[in-house]
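Number of protein chains: 2
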Amino acid sequence: MNAQRVKIGIVGLGVVGMGVARALRRNRAVIRARAGAGVDVRWAAEVDRKRLAASGLPPECCTGDYRAVLSDPEVQIVVEVVGGTGVAREVVLGALRAGKHVVTANKALLAKHWPEVFTLAHERGCAVGFEASVMAGVPVIRGLQEGLAGNAVQSLFGILNGTTNFVLTRMARGLEFDAALAEAREKGLAEADASLDIDGHDAAQKLAILGSISTGKWLPPSDVAREGIGHVERYDIAEAREQFGYALRLLAVFKDRGDRVEARVHPTFVPLSHPLAAVENEFNALLVNGDTAGPITFSGRGAGERPAASGVVSDIVNIARSLHQSGGRMTYVPMRPSAERALVIPLDEVQSKFYLRFSVVDRPRVLAFLAGALGERDVSIATCHQRGRSETGGAVPVVVVTHAARGGAIREALAEIDGRADFVKRKTVAIRIEE
Amino acid sequence: MNAQRVKIGIVGLGVVGMGVARALRRNRAVIRARAGAGVDVRWAAEVDRKRLAASGLPPECCTGDYRAVLSDPEVQIVVEVVGGTGVAREVVLGALRAGKHVVTANKALLAKHWPEVFTLAHERGCAVGFEASVMAGVPVIRGLQEGLAGNAVQSLFGILNGTTNFVLTRMARGLEFDAALAEAREKGLAEADASLDIDGHDAAQKLAILGSISTGKWLPPSDVAREGIGHVERYDIAEAREQFGYALRLLAVFKDRGDRVEARVHPTFVPLSHPLAAVENEFNALLVNGDTAGPITFSGRGAGERPAASGVVSDIVNIARSLHQSGGRMTYVPMRPSAERALVIPLDEVQSKFYLRFSVVDRPRVLAFLAGALGERDVSIATCHQRGRSETGGAVPVVVVTHAARGGAIREALAEIDGRADFVKRKTVAIRIEE
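First to last, the protein sequences are chains Y and C. My numbering puts the first residue of the first sequence at 1, with every later residue one more than the last. My numbering puts the first residue of the second sequence at 1, with every later residue one more than the last.
Where hints are given, some of them may not hold.
[Stated by the list, open to error] To list a few chain Y residues with every Cβ distance to chain C over 12 Å, as calculated:
id, residue
1, Gly19
2, Gly94
3, Pro346
4, Thr383
5, Thr428
[Said to hold, decoys possible] Here are some chain Y residues pointing at chain C (derived, C-beta under 7 Å):
id, residue
6, Ala149
7, Ser310
8, Asn318
By construction, these hints were calculated from the structure, which means they are not laboratory data. Virtual Cβ for every residue (Gly too), placed ideally from N, Cα, C.
Between the sequences and the hints, there should be enough to build the whole structure, so can you do that?
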């Protein structure tokens with residue numbers, strides 16, 4: 001191996017892969033200076049020949065078969081930017097088996113196959129760079145793994161999905177959900193099928209990665225409690241802002257509770273003075289509470305060709321620098337994954353304040369009934385507000401903010417309340433509050 | 001060397017040194033898991049015997065002479081938390097000469113002796129960790145060096161000094177400068193002699209470090225243009241907020257202008273909607289504009305025992321992890337410092353919008369004179385505002401916001417204007433604006 005040149009193979013020339021090829025070209029001099037060695041794209045593998053042609057790479061570097069990359073002994077770093085958990089898994093595991101370092105932006109793959117990927121990497125002494133998998137170019141992975149390495153992480157609060165944050169920001173400005181989502185699509189911030197974003201899967205995968213780093217145990221994405229924003233109504237956003245000074249965010253929350261952890265993604269009200277309330281449109285942010293550093297916030301663009309390429313290329317530079325320093329024979333063991341799985345506290349046991357909107361008939365004794373159903377389960381009301389009166393005996397909204405209460409208590413109380421079709425005209429809206 | 005235990009020596013048991021000893025003890029298990037090896041304090045060196053006794057370290061680990069640390073072949077990492085550029089320099093250079101890795105929080109030393117320290121570290125294959133030197137526990141050093149390694153850094157905007165940010169925040173709430181500084185002292189946010197903070201030296205040293213990383217060339221702190229906040233008046237803070245929607249910050253600004261750079265620390269107005277306007281009290285923040293990642297913001301507590309200890313201990317963990325991975329024989333070359341010095345553009349050539357407050361007699365033709373003196377030097381006025389009228393013929397404030405203008409043009413115009421003792425009753429206030 002020539003430590004003065006580091007050879008890489010890029011598998012996948014979608015938006016991110018193209019961005020990586022462009023950034024490597026644009027910043028050739030800076031990268032060489034930082035890595036101490038030049039970075040050469042030896043291979044780009046992509047089944048779409050048009051994309052290969054558009055990449056500007058010479059034909060002898062282009063292939064339709066990723067196996068050409070994995071079997072080339074000259075390739076030291078494989079960049080997996082295929083996405084998904086099918087071929088991408090073969091690429092990552094195949095590269096590690098061949099003793100190659102890996103850089104990937106693939107949150108779905110890493111979150112799901114965390115122990116498999118990192119156990120293999122550890123056995124082979126290979127690095128896995130995955131800065132771009134969470135918040136793209138905002139260096140939160142390195143920040144947690146290295147920058148805050150001396151801290152016990154007490155909690156994480158993240159706005160980890162730009163599409164949903166854009167939609168919620170636009171709804172706070174008066175748009176309905178469908179119009180806000182259509183605008184996100186127009187701006188290229190949402191896929192045609194936006195369900196992975198809207199339903200919170202994307203944020204849950206990212207939280208699983210951040211939580212796994214923080215605990216040193218595997219937090220599977222399927223264990224993250226998850227609720228999307230598809231049912232959020234503009235009414236509640238406006239009401240909570242006006243009455244209580246709250247902004248709505250799709251918050252990813254992780255808390256270390258000793259033997260167990262909280263791990264959840266759901267629409268959440270935060271005070272307008274909260275640092276995450278100021279994060280608007282497609283921007284992402286992560287607030288880390290370290291026991292030693294105190295509260296640290298990272299923010300920036302969490303998606304897009306250039307931001308994602310920034311995370312990927314930075315990983316390439318760091319691995320290339322290590323290879324250069326060690327004369328090409330680097331053995332790099334970034335993390336020995338614990339065989340343990342993090343134990344997640346069921347949402348029913350997690351305490352929060354809640355915003356509740358009841359749609360009830362405007363009759364005496366209705367409020368007594370609501371307060372009674374809540375009080376029987378130790379849920380006490382901090383504030384109660386009835387908007388207007390119905391002159392026709394129809395439904396009116398009654399909005400309540402509770403003191404901290406168990407999720408299960410709220411669930412049971414709402415089951416009883418929503419069962420009373422004589423009083424209650426539609427399903428009660430319940431949204432957690434973090435302060 | 002036993003790669004399962006990494007032995008360190010702490011030189012200096014002031015606030016930061018004590019914090020490091022405490023954090024190593026508090027987070028023993030987390031640190032062991034992350035580093036893959038235990039971290040033992042083999043030595044603490046401190047001339048004050050009372051502090052040694054208060055550290056809780058066993059007597060056989062305590063010494064009054066730092067040379068005992070440097071000469072012990074078992075010590076792999078020397079933690080320099082003495083501060084200053086005298087003994088601290090001997091400790092850092094001595095440790096590197098002895099082939100030991102170094103962790104330091106010493107911004108003054110690093111900024112001033114950058115080429116000497118990193119050339120020696122490079123020659124000896126030793127790591128120098130200095131995360132805590134800028135913004136304490138907020139991982140901006142690692143963020144710039146590694147997290148954004150694939151970016152050309154276009155500009156940096158930092159609130160790098162907590163004392164001055166606290167003072168300016170309190171002044172915006174109505175306190176005079178002296179009262180705000182007294183409050184900072186009461187809260188332990190300012191030293192008895194606060195001049196290093198107030199005059200901008202502390203922020204200039206930190207900017208020199210960030211700029212040196214960004215350019216790959218040495219930016220000496222003495223080349224950073226510097227103006228403190230000692231002469232800032234509450235009147236201008238209130239006036240600019242009310243009339244123009246600006247907040248005042250002591251901003252550290254770095255811009256890459258190709259062959260040369262801008263590097264300056266001075267009171268600066270930013271729009272209230274700017275992310276740095278939301279950074280209040282003793283908090284610090286850094287906005288990095290990377291060509292690939294876009295705008296990235298880091299924020300948190302930039303000083304104090306625990307935040308500083310977080311940065312130091314994180315560096316220790318990262319070096320210990322590398323030592324463990326390589327079986328104790330790590331050769332680590334973090335950065336080959338360029339022999340080149342960054343060329344700084346003189347402030348006279350740097351363009352900005354300016355806020356100007358003239359104190360002039362309330363007479364016809366005064367404004368024509370002001371506008372003429374500015375206009376002759378190609379400075380055009382964007383907004384002009386006269387607060388009230390003087391009925392006694394005394395001085396009134398006339399506040400002007402200019403379009404972008406060269407610093408030199410403003411300096412020359414104000415020299416002419418302030419020379420007219422018949423019109424102008426006191427020195428004109430001039431504050432740059434960044435948007």
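Now for the hints, and whether the structure bears them out:
1. Gly19: Contrary to the label, Gly19 (chain Y) does not stay out of reach of chain C, its closest Cβ about 8 Å off (not over 12 Å).
2. Gly94: Holds, because the least Cβ-Cβ distance between Gly94 (chain Y) and chain C comes to about 24 Å, which exceeds 12 Å.
3. Pro346: holds, 26 Å
4. Thr383: It holds; Thr383 (chain Y) is separated from chain C by about 27 Å at its closest Cβ, greater than 12 Å.
5. Thr428: Thr428 (chain Y) is indeed farther than 12 Å from all Cβ atoms of chain C, at 35 Å.
6. Ala149: Hint on Ala149 (chain Y): holds, closest Cβ of chain C at ~4 Å, below 7 Å.
7. Ser310: Cβ of Ser310 (chain Y) sits 4 Å from chain C, so the hint holds.
8. Asn318: holds, 5 Å
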